[in-house]
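Colleague: Knowing the structure of chain A, use the given hints to seat chain B on it.
Next come the chains, spelled out residue by residue.
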Amino acid sequence: MKKKLLLLAFVAFGCGPDFDMDTRLVYDIRVVDSQGAPIPGAYLEFSVDDYDDGYFGGSLANGLTGADGHIRGLFPPPSSQNEIIQLSVNGSNPFSQNPTPTPFEYYALIGLKRSDFVDYRVPVTQVILYRTEELTDLELLLPQGPQFVIDEFSTTGEFSNRVYTASLQHNYLTSHLRVRKNQAVTLHYSVRNTDNNASVEYDETVEIGDEPVTHPLGS
Amino acid sequence: MKKYILFLLLGVGAFAQQQRDSVGNGLKWNRKVRLEYVFPVQFGDNSHAKSQKAIGGLAFSYDLLSYRKFHFGLGIQRLIFDVTDGAAMGALSNTNDTNLYSYLGYEFPINDRLTLRPEIGGGYSRVDRDIVSYAEAQDGYNLRAGLRAELRRRKAISFNAGLFFNYNRFEINTVPEYVDYFSQAQSLQISAGINIKLDHKKRKHKKR
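In order, the protein sequence lines correspond to chains A and B.
Residue numbers 0 to 218, in numbering that gives the first Met the number 0, belong to the letters of the first sequence in order.
Residue numbers 0 to 207, in numbering that gives the first Met the number 0, belong to the letters of the second sequence in order.
Pulled out of the complex, with its shape left as it was, chain A reads as follows:
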């Protein structure tokens, strides 16, 4: 009974992220495989970590790609300018009762903010989904000690889940990335010592082969 009342309260008073209703952001994204072929029926979602619990459960927009791999739409952004937005593709799809197993891995781009949207457009126009056999692991080792914080972490290269730009001290940002095999990826970040607020910037290139790679940050 209590659960029903709670659910009723959520429905009546609204739950999830607070939207900025006088703004609409536009996305126009093509989802393709690594050969450039369109992937129809892929589930795409923009979401926020609305309870700050490490789970991007507050959906801003979602839908399926069309026959040409395209998806286009609009959504009101979260009210807070600093809210971290995640773009995910091929995640759990609420539209499908019995999802067909897909050969492609889950894609996530973490760390978009409202300031990254230029002229109300999402700064991503194409998403590449990779098959499991095309990917390997990149494990990032965070500096030892609670006084160290990774700021403004960003990546370039071909990733299946990547951080757009964010701080790694947040509980929801992963240090485990899935990357395409046989490439060089770059990592840009700074390590801040919270004891004296001293910060050191790093630009690093990491060579990825066929096997998983472990890379220590700030060493």
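Honestly, the hints are just simulated from the structure, not real lab data.
Glycine is no exception: its CB is placed at the ideal position from the N, C-alpha and C atoms.
Check each hint, because a few of them may be wrong.
[What the hints assert, rightly or not] Derived, one-sided and incomplete: chain A residues facing chain B with beta-carbon distance under 8 Å:
#, residue
1, PHE116
2, VAL117
3, ASP118
4, ILE127
[Stated by the list, open to error] Counterexamples of contact, computed for chain A against chain B with all Cβ distances above 12 Å:
#, residue
5, ASP19
6, ARG29
7, SER33
8, GLN34
9, ILE38
10, SER46
11, TYR54
12, GLY72
13, LEU73
14, LYS112
15, ARG120
16, ASP136
17, PRO142
18, ASN181
19, PRO211
20, PRO215
Modeller: For chain B alone, coordinates are given in the frame of chain A:
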């Protein structure tokens, strides 16, 4: 701005309570409240008509002043919409419109019981997500014009039915090709409800 309008509403209402019998140059305090169910039939190429489906809502209005057959009052209505097109609206399940307006009506008595009343009005509007929300709203204004019929059943109580054209203009920040789609709404509002004249008994008593 919204707070000022609310204070104005409450203030004028309270003043009317105290001064209900004041009469000057034919101007009268006229305390009649109206509660209605409103169903908006949305049309046009805009998000209200194309990406949402109206559920309906409630309206409350308060006739404050009358001068001969003219009536001036304030009203508020809250309309709820189901989102039907997630691609255009994002992951919203409902939106709601609040229209806060003042109006001017003119009474044409048809017989002892039936009165027709054309009205024009306008005021502040906002669009919120879900049924109640504290998120940033989409602000705007409304303009309305229409006809109301009032059928008196008892001395203090009458029923009403109305048909109004309602036009909304809202602020929106988005790419240019979608500005018109999200910045305006137009509807034919069909309404039905009850009117209660609050000071009926006391006036009757004074006549004796």
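Colleague: State for each hint whether it applies.
Modeller: Against the structure, the hints come out as follows:
| no. | hint | result |
| --- | --- | --- |
| 1 | PHE116 | violated, 11 Å |
| 2 | VAL117 | violated, 11 Å |
| 3 | ASP118 | holds, 7 Å |
| 4 | ILE127 | violated, 22 Å |
| 5 | ASP19 | violated, 5 Å |
| 6 | ARG29 | holds, 15 Å |
| 7 | SER33 | holds, 27 Å |
| 8 | GLN34 | holds, 27 Å |
| 9 | ILE38 | holds, 18 Å |
| 10 | SER46 | violated, 8 Å |
| 11 | TYR54 | holds, 16 Å |
| 12 | GLY72 | violated, 4 Å |
| 13 | LEU73 | violated, 6 Å |
| 14 | LYS112 | holds, 16 Å |
| 15 | ARG120 | violated, 7 Å |
| 16 | ASP136 | holds, 31 Å |
| 17 | PRO142 | holds, 37 Å |
| 18 | ASN181 | holds, 37 Å |
| 19 | PRO211 | holds, 35 Å |
| 20 | PRO215 | holds, 39 Å |
Hints 1, 2, 4, 5, 10, 12, 13, 15 from the list above are not met by this structure, while the remaining hints are.
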